[in-house]
Structures are given as C-alpha cells and as structure tokens.
Amino acid sequence: MNKWLNRRTANVCVALLVILAVSGGFISNRASAQDEITLTMSAWDVATTPYWQAVIDAYEAEHPNVTVELIDVPSADYQDTMNIRLSGGDDTDIITVKDIPGYSAMLTRGQIVPLNDLIEASGVDLSAYSGAAEELTYEGSIYALPFRSDIWILYYNKTIFDAAGLDYPTNDMTWGEFGALARELTSGSGADKIYGAHFHVWRSAVQLGTVQDGLNTIISDDYSFMAPMYDMVTAMQKDGIIMDYGELRAGNIHYSGPFENGQVAMLPMGSWFIGTLVAAQADGVFDFDWGVASYPHPEGVAAGTTAGTLTSLAINEESDNKDAAWDFVQFYTGEEGAKVLAGTGNLPALRTPEILEIFASKDGVPVEATDALQTTTVRLELPMHPNVGEVEQILNEEHELIMTDSLSVEEGLEETTSRISEVLQ
Amino acid sequence: MKLGVKAAHPNTPSKRRKELRKNLIAYSFILPNLLGFAIFTLVPMVFSLGLALTSWDGANQVSWVGLQNFKDLLDDSTFRISLENTLWYVGGTVPLTMVCALGLAVLLNQPIRGRNLFRTIYFFPYVASLVAVAVVWNMLFFPSAGPVNEFLRALGVANPPRWSASVDWAMPTVIMASIWRNMGYYMIIYLAALQGIPSILYEAAAIDGANAWQKFRYVTVPMLTPATFFISIMLTITSFKVFDLILVMTNGGPGRATNVLVMHTYNTAFRQFKFGYSSAIAMVLFALVMIITIVQFTMERRWVEYSQL
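Chains A and G, in that order, are what the protein sequence lines are. Each number in this note's numbering corresponds to the 1-based position in the first sequence with 1112 added. Each number in this note's numbering corresponds to the 1-based position in the second sequence with 28 added.
The set of hints was computed from the structure by calculation and includes no laboratory data. Every residue gets a Cβ at the ideal spot worked out from N, C-alpha and C, and that includes glycine.
With beta-carbon atoms standing in for the labels, derived distance ranges:
| id | chain 1 | residue 1 | chain 2 | residue 2 | range |
| --- | --- | --- | --- | --- | --- |
| 1 | A | Ser1187 | G | Phe98 | 33 to 43 angstroms |
| 2 | G | Asn279 | A | Ala1166 | 27 to 37 angstroms |
| 3 | A | Ser1187 | G | Ala156 | 21 to 31 angstroms |
Just need the whole structure built from these sequences, with the hints factored in.
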C-alpha cells in the first residue's frame, strides 16, 4: 500500500514536472520572442579591463530588455581558445577580434558574417574610422567594425629623466637618438640598476620600427631590412641598456612590472597602456611622474609615423540573434560606445574632437598625450594574408633565437627569409 | 542425468548457455568503460586517421589528398626538429625518472624517522598544479639571479648555463622539471613492489653471505622487474605525449629548441588550421608509440621475472 502510494505520488510528480517544463519553455519562448534578449560576447581579461563592462552597462541602460553576458578568456590564450571554440560550433553572438591573424583565420573559414549589407542598411559611415575600416576590408567585404584603435607610442619616467638632468623625449626623435638617450639614462647596478629603455618580449616591439618607412611590410620575401633595428637592440641588450630577453621570457615578466617599479626610463608600447597606468597610479601602485611621446621613427621618416593595431567586433555565423548583435555592435563601435571607452582611458577607433577631449581630460592622463597621439601615418602591425598565422609563428621563433643570441642577427634573418619563403610559395 | 551428460559432452547446449551467460556478465562489467573508450577514443582515432588523408581547415570543404600529408612531413623542418626533440626528451626522461624513483623508493623503504613525511614531500609535485610547478621551476633556474645559478657561481662556475633561456639547455631544463614532477608517482609504485618482496629471500641471501649491494643487485632488482616493466611502458607513453609542461615552461622555444610532436600537432591544427596535416603528425606519433610498446612487450620475456613463491 505504502509502496503503491509512493509510486503513484512519483508518477504524479513526474507528470507535473513535464507539464511545468513544457509550459515553462513555451512561456519563456514567447517572452523572448517579444522582448527579453540575452547576447553573449567573447572578451579577455575582464577583471583587469574595465571598459568591456562599462560599454555594456551603457548599452543595457538604453536597452533594458537586452542583457549582454561576457565570456572571459585569458588574453594570452584568447585567439587559440576562440579558434577551438568556433571550430566546435560555438554560438557566442559577438566575437571580439583581437588581432589580424585571428581576423584572417575566422573570415577565411566563414565563421564571421560579412557586414556590408547591414552597414548599408543602417547607414554607418565607415569614413569616420579614418582608414581603419579599409584595413579590415578583405576582397571587398568587411567582417568586423573597429572599436579600439591603438598606436605605438613612447612612455617615459619623468623622475628618472629629472634625476639624470636630461630633457624629456620629444615627439620627433629618431631610433638612433632613442638609442643614444637610453645609454645616457642607464645607471647603477644590482637592485638599484636603472635601464635606459625596455623592449618587451613581443617580436613587434623590435620589428615595428623596421616597417615604419613603408618600404617593407612584416610579410616579406627578404627580411634583411630588419637588420639595423636588430643590431641596435641586441647591442643594447649586450651592454645592459635593456633587460635581458631570455630572463623576461623565463620569468614571464609583463612590461608593466619594470616600468611601474621605476626600473626603466623609456618604454615603447601601445597606447592601450595609458589606461592601465592611469588606473595603477590612481591605486597607488607607483608614485613617480610619467609622460608620453610619439613613437621614435627611422631617419628620414616623418615624425608621428607609427604602427597601430585595431580591436574590432564581429558577429558569429552561428549566432541566433544576429539582428540584436548588430544593434549592439553599432552601439559599441559608434559614437556612444566611443565616449564610454574614452572615459575609461582607452583610445576609441572613432575619434572626433569631442571624443578625444573626453580622453585627454580624464584624470591622470598626462598632458603630453594630446600631442603624442597626433599621427601622420599609421602602419598596420600585421597585414591581412591567408598565411599570416603561420608566418607569425616563424617570426616569433626566429625573433626568440636572435634575442637569446642563439643566432646572429644575420643568420636569424636569413633563416626567417628562407622559412617564410617556403610558406608563401 | 545432467552430471553424466556434462562429463561426456562438455559442449552441451546447457553448458554453452552457462558459458555465454558468464561471458555476458563479464562483458557487462567492462561495457561502461568499453563504451566510453569506443565513443571518446576509438571513434576520434579512426576519424583522425581518415582526416590524415585529407586537407581540411576545420570549416570549409574537405578534400582528399591521399598520402600527400605524409610526403610533406619529409620536407617539414619543424616536424624533423620536433621528432628529434621528442626522442631526446623520451630518452632523457624515461631512464632518469626510473632511476630516481627506484633510488627514492629504496631509501624511503628504510625504517627512517619521518619517512611518511618524505614520501609525501616527494609525491607532492605530482599532484601540484603544473602551471605553478613550471613557474617555480623557471624561477629556480632564472639565469641571472635564480638560486640554482647563484649556487653554481658560489661553487666557482663563472658562466653557469642560461637554462630555459638558451637553445642548448632548454631541453635538459624541461627534462629535469619533468623528472622532479613525476618521480614521486613512480616511487609509490616501486615502494609497493618493494614491500611485496618476501623477507625470506633476503634472509637466504644473508645466509649465503651476500652484502648489501649483492642483495640489491640479485634480490631486489630482479624481484622488481614486473614493476619496472610496467613503469617503463607507462613512462614511455606519457613521455611521448608530453605537451603541457613544455607549453607552460618554454612554449617550444627558444626558437624550436623544445618543440615536440604533440606541440607541432597542436600548432598546425589550432594555429594554422591544417587539420589533415596535423592528423598525419598525430598518426606518426601513434605509430611510433605503438612500435616501441610492441618492442617492449616482446622483450618482456627476456628480463621480467614473474616468480611464484
């Protein structure tokens, strides 16, 4: 009797659950078709990068029926992770495009949607991005809109310059002058050592200076043009003007550490670092004065010539909410998003005088920033190319060999040339 | 009647049914595992074997290329380097880990004070997070100010190796890290085997006048051969598959100095989107491991002692 009752109760419960589930699903389906929308967006280092959520908050305030959820991936693994997820049919609605190799990989494999029709239908003015949109156009189609556009600039520690009695770097400085200045600024030893400059382990930190003149690009059939820059940097390393590459690598040392510790006088780095420094200074991580200047340039190249990188948003081919995603992408990459970005100390891709004013007037942004960020020519860090991923891997490997002194500059660049020619043929 | 029939014809229907029943019960016990193996290992393997004969970027059309991928491997300098590196890693890791594990096991089998504490200490790296292990290891071997090089300098070595920052020393550094990480686990296996050696053997050896070394050489080592065999198989297979430790410690560098086959497989698949080519590399690795394992099994009879006491 008791047993029977239990079984009957169980049956009733199951039936109730089924009914609930079906009706619940029905109700929520109907509701979502009307208004409630949840979008997902891939991003990196959400905890330490305040702007992701800031722009989302602004969007959600205007669109109360939309919730945007961030999918957080560690920045170093971002593109690898996204490649694997997208290969597995991931349906994250909005995909943040971190770099050109990732962009190239996703668009050639049909994983992100061409936006041309949407752009035309919504009347988005691509010329407002001052050339960035053209750089993202591949065979006539554009698959992403830029929201951040960063350029390489020079950060310097004013306290070290003052102590050495030297003038601050100007916005018109050649790489030769930069090298000489770094030598003058180097002093001390052991724990008190001050390094004149700092080159982060990225190959771009050395290689970007070699393509500023526009005569060569990072994808080439002869890399001997990089020799002068490598000669200068390896000589600086040998003489202890910059920190040792192998140690930065083995210690996994982020560029913010040596700069914020006041160990280095000058640091060539992307403009994204402004936001980080402003926040770190406000948190009391360091207490020296710092400034920014234009990226140094090769002899005979106009001052203000620099290299840049774009961060953009794309829509996943597998997304079920493409229309809602497009509305969000427009907001993020448009003027409203740009204002929020500028307010967090980041350089938006869309730069009107008003937006730049918001950026420059943010507390902690050095006064020199306005002039330092003026550019004459911005070269793309990496051009679009179907084999760009493979080429970049070779460049990274050979860069490592040159910088660890395993190969001489000449041998390393010869090997780079021969390996990359094999890939490109 | 049943009894008589059974004795006369062992294969009567009832007997066979019983056998079948027994077998089915046995199969049902291994079914969950077998099913898991079939779905998650066998099917992907067969799929990968097929993929190795195609060219596929993971999204667009798959095209049949036959053995082209395997031919391309012959001209691929990264493949050659990573094959050499893998063999170098296996050749360094397997014997040294076994020697260290055996040494520790013999040592910690002695009735010494605090031996459980030491056993735990030596086992600890095996359960510690690999990323943490790699970071600590890189710090220990930091070229300028790491404790290891400070120590070497104190001993009078003017130019100590630059460890993971140098092409020549990166692989030995990774091998040392791997030995340190894994020896505790194999030590436990050896410890268990040591405790299974009957003490009468040592007593008999003592009566025969054997000294400590002779006891170790002629009693302990032969009695441990089943464990040694098991460990050599497991270690060889896991060493061929090394990836995680290298990814976090050196990322294959400097240059390609620590690039191994699994790393090359990963890079070609998920960074260059050559899934067919990548599968071909994986197949080569599979064949390599299989051949070596078969050789190990055929050699087994020559040196492994399965004594019945």
